[in-house]
Amino acid sequence: MLTPTHADLVAIAPEIILTITAGLLLIVEAFLPGLRRHFSGLAMVGVLAAIWARLHFELPGAVWAGMMQIDELAAFVDIYILVAVIFTIAMAGPFLRRTETEVGEFYALILLATVGAMVMASSVNLLPIFLGLELLSIPLYVLNAFLRRSQVSVEAGLKYFVVGAVASAFLVYGIALLYGATASTDLAVIGSQVASSGQLNPLVAIGLAMIVGGLAFKLALVPCHAWAPDVYQGGPTPVTAFLAVVPKGAALIVLLRLADGMDLLHISPQWVAAAAGIAVASQTLGNIVAIVQSDVKRMLAYSGIAHMGYAMVAVIVAGADGGAAVLVYLVAYTLMNMGAFASIAMLSEREDRPHFINDLRGQGYKRPIVALALTTCLFSLAGVPPFIGFTAKFVVFRAAVNEGFVWLAVIGVVNSLVSAFYYLRVVYAMYMQPLPRREPKFQFSFQIATAAAVAALGVLILGIYPTPILEAAQTAILVLVR
Amino acid sequence: MVTIIFLVAAAIAVVFAVLTVVPRDPTKNVLSLVIMSFAMAAVFAILGMDFLAAIQIIVYSGAVLVLFLFVIMLLKIRRIEALGSGRPVQALLGALVAAGIGGMMLVVAGLLLPLQGAVLPGAVETGTAFPIGRALLSTHLFAFEFITLLLVAAIVGAVYLGKGEEE
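Heads up: the sequence lines are chains U and P, in that order. Just so you know, the first sequence maps onto residues 1 to 482 in this note's numbering. Just so you know, the second sequence maps onto residues 483 to 649 in this note's numbering.
Read the hints as simulated data drawn from the structure, not as lab findings.
Computed footprint of chain P on chain U, listed as stretches where at least three residues anywhere in the stretch have a Cβ under 8 Å from a Cβ of chain P:
| id | region |
| --- | --- |
| 1 | 97-108 |
| 2 | 111-121 |
| 3 | 126-134 |
As a list, the in silico DSSO-like pairs of lysine-lysine whose alpha-carbon atoms are at most 27 Å apart:
| id | chain 1 | residue 1 | chain 2 | residue 2 |
| --- | --- | --- | --- | --- |
| 4 | P | K645 | U | K159 |
| 5 | U | K159 | P | K558 |
| 6 | P | K510 | P | K558 |
| 7 | U | K441 | U | K366 |
| 8 | P | K645 | P | K558 |
Computed, partial: chain U to chain P, Cβ under 7 Å:
| id | residue |
| --- | --- |
| 9 | M67 |
| 10 | I138 |
| 11 | P139 |
| 12 | V142 |
These numbers were taken from a predicted model, which means no experiment stands behind them. Even glycine gets a Cβ: it sits at the ideal position worked out from N, Cα and C.
Chain U on its own, in the form it takes in the complex (with noise of 0.2 Å):
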């Protein structure tokens, strides 16, 4: 029998703090609805306390019988994916009032789901690794359906939801295979047993296969990649923001240490080649049929598809240089696309309309600020200096560089230069082209602008000063490499 001891509870004290949050919030929209104004205040604080309780309690490494390594890369994880529920939940106050959906069940979906992403990025065994991604997954059927008079929005929960259950049918189906190879659902048993023998036996082979797939339904990438334009489109902005980031991050972060422990680069050059096929697809069609839409955040559910291809190039890298370049991609996609969202956010009429990028014309001298969020976080989405998305994009192609990738090196390279034309069309319709003549009524929100410009100052300042993040990733990517 197994007794939590003090440093199992402690090590997941940001989980409970959040957990508790989200049953305070249940609760009180159950018997208080008239204190709905502060739901997200209430969020934010919870939020706030778990990234307090994570910097202040020591980290144990492994606790729950091995269950979970809560060290510096679980700590590295858990601080991006709560910094991108903040900016989540910054934008959703403003953004649930405007349509009129603000209940607690909103954020108390969004922090169950943020501790099924916790859990899963910092999981060493295949088994909460899947309860985590579910308990990620299902408030986000959910969250996408939110605007239920929308149908749009619906659309997207449903779509969400078929091709999720598959995803996760893939994984699990993966998981017994893997299971039966290797007797063992530990990543550091099944990687070192694999390490060992050298070479992927064909059993291994295919429940890898099954889980990198499912694992590349969250990643939205090719072929794997068609659900992500229509849910981007109809899920609530708030939500879509929160999609394109914390799932793909605590995907990526399974798919890591996956390659990290079967030593995959080395012992694998099916696997090098595979993937190495998926990441250059993912970059060339994101970026091709990004430039053909009409709608930014179609746009950028393509774009998406191509940066989760440039990180795919650091995942197949691994190792304490490719390893890190995954967490540095990460913190920078975070602040990109929380900047770009919270723009769009604020600079939409109707939820269930398309955002067209021609309803942004001539918003540079009408929003100055967010256009101005808006246009560094493309710049910076594009891979233009001075912006944190050049380091990120420099950091993977020199990782891939060093250890003989230079061919994905020139693709990646010269699919940033493809991507730069679509994200500045936008800033060309913001900047370049008069107002339209039946002007879109957007409302400001101070809020949701606030998000914004901080997402797009730590853009700006993290691509002049990137140290402090590369340091970080680096020491959190030892404990997984050494």
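For this one, chain U is given, so just place chain P on it according to the hints.
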């Protein structure tokens, strides 16, 4: 003898798995699924997983699928569209993917053949209820407790989506 029981159970499982998706009357689909889960329970029992076999019958055949039947009755679904009707390309792609996965499963079965006769961990003389119960409250305590959150999230989400508009 065991092999014959296994082959019969496996054949029933496969036939009724197909019948779960093919007929256009949802009641038939669910009842086929019930029979399939009975056949799976037999397979579990052959593998020495007596507890799982019992759970399979009590929880899946007994509770979950009866719930499905209730939903079908309450929603008054008489007939559903045939698989892939009106979408020939998707139907073809779906069939190809299904065939691909089926083929892969055969390959996997071939790979697993050398492991034949291996007893699953936990399948000991005392039955499997004891080791499973022990595992749930020791090594898997975290997962065991964590699942409650999953259920809460699912219930909250379902209630939100299902409840009517507020006045």
